[in-house]
Amino acid sequence: MADGQDLNTRFSGPSESPGLLLWRTTMRWQRVMTAALAPLDLTHVQFVLLASAMWLGRNGEPPNQVQLAAQAGTEVKMTSDVVARLEAKGLIVREADPRDSRAKVIRVTPAGAAAAQRAIVAVETADAAFFEPVDEAQLVGLLQRLAGEIR
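Letter 54 of the sequence shown, counting from 1, is numbered 53 in numbering that gives the first Met the number 0, and no numbers are missing.
In case anyone wonders, no lab produced these hints; they're calculated from the structure.
Hints should not be assumed to be uniformly reliable.
[Unchecked claim] Simulated pairs of lysine to any residue, SDA-like, Cα-Cα distance not exceeding 20 Å:
hint	residue 1	residue 2
1	LYS76	ALA87
2	LYS76	ASP99
3	LYS76	GLU86
4	LYS76	GLN66
5	LYS88	ASP40
6	LYS103	GLN66
7	LYS103	GLN70
8	LYS76	ALA102
9	LYS88	ALA112
10	LYS103	VAL75
11	LYS103	SER79
12	LYS103	GLU60
13	LYS88	HIS43
14	LYS88	GLN116
15	LYS103	GLY59
16	LYS103	ASP80
[As the list claims (entries may be wrong)] Pair by pair, the computed Cβ-Cβ distance ranges are:
hint	residue 1	residue 2	range
17	VAL92	SER16	39 to 47 Å
18	ALA112	VAL65	19 to 27 Å
19	TRP54	MET77	14 to 22 Å
Computed from a predicted structure; not experimentally measured.
Glycine included, every Cβ here is placed at the ideal spot set by N, Cα and C.
Required output: the full structure, derived from the provided sequences and hints.
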């Protein structure tokens, strides 16, 4: 019977595993984001969806929930649930899509735009401090490759 001591791994320890390091880095970064957004009464996913809705709607064409989920990289059902919470806070409104009666478009309210701007400042400040030890341009390039955005 195995006692858990004989691991079949190419690494001499957990601190050499890129996957575990990425997990631990992500968890640490998420804690930083949670702390930065807490005073603004926003969760990280609420911030991402609110900022994404602003980004997508910047040219006057509000996104629908499917487009918002695709932009944010979130599940459509979860996006719908979070959008409902943002709507309850008065930060966005959902309206019938004039091009598709089954879909809803998302418009950021003036209060939502103000909240998003405050949150963007908080997140960018927290990001700058978190990523200060590394070359940001190199890191962004690496993350874009890992995310499959560039080859």
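Looking at the structure, which of the earlier hints fail to hold?
Violated: none.
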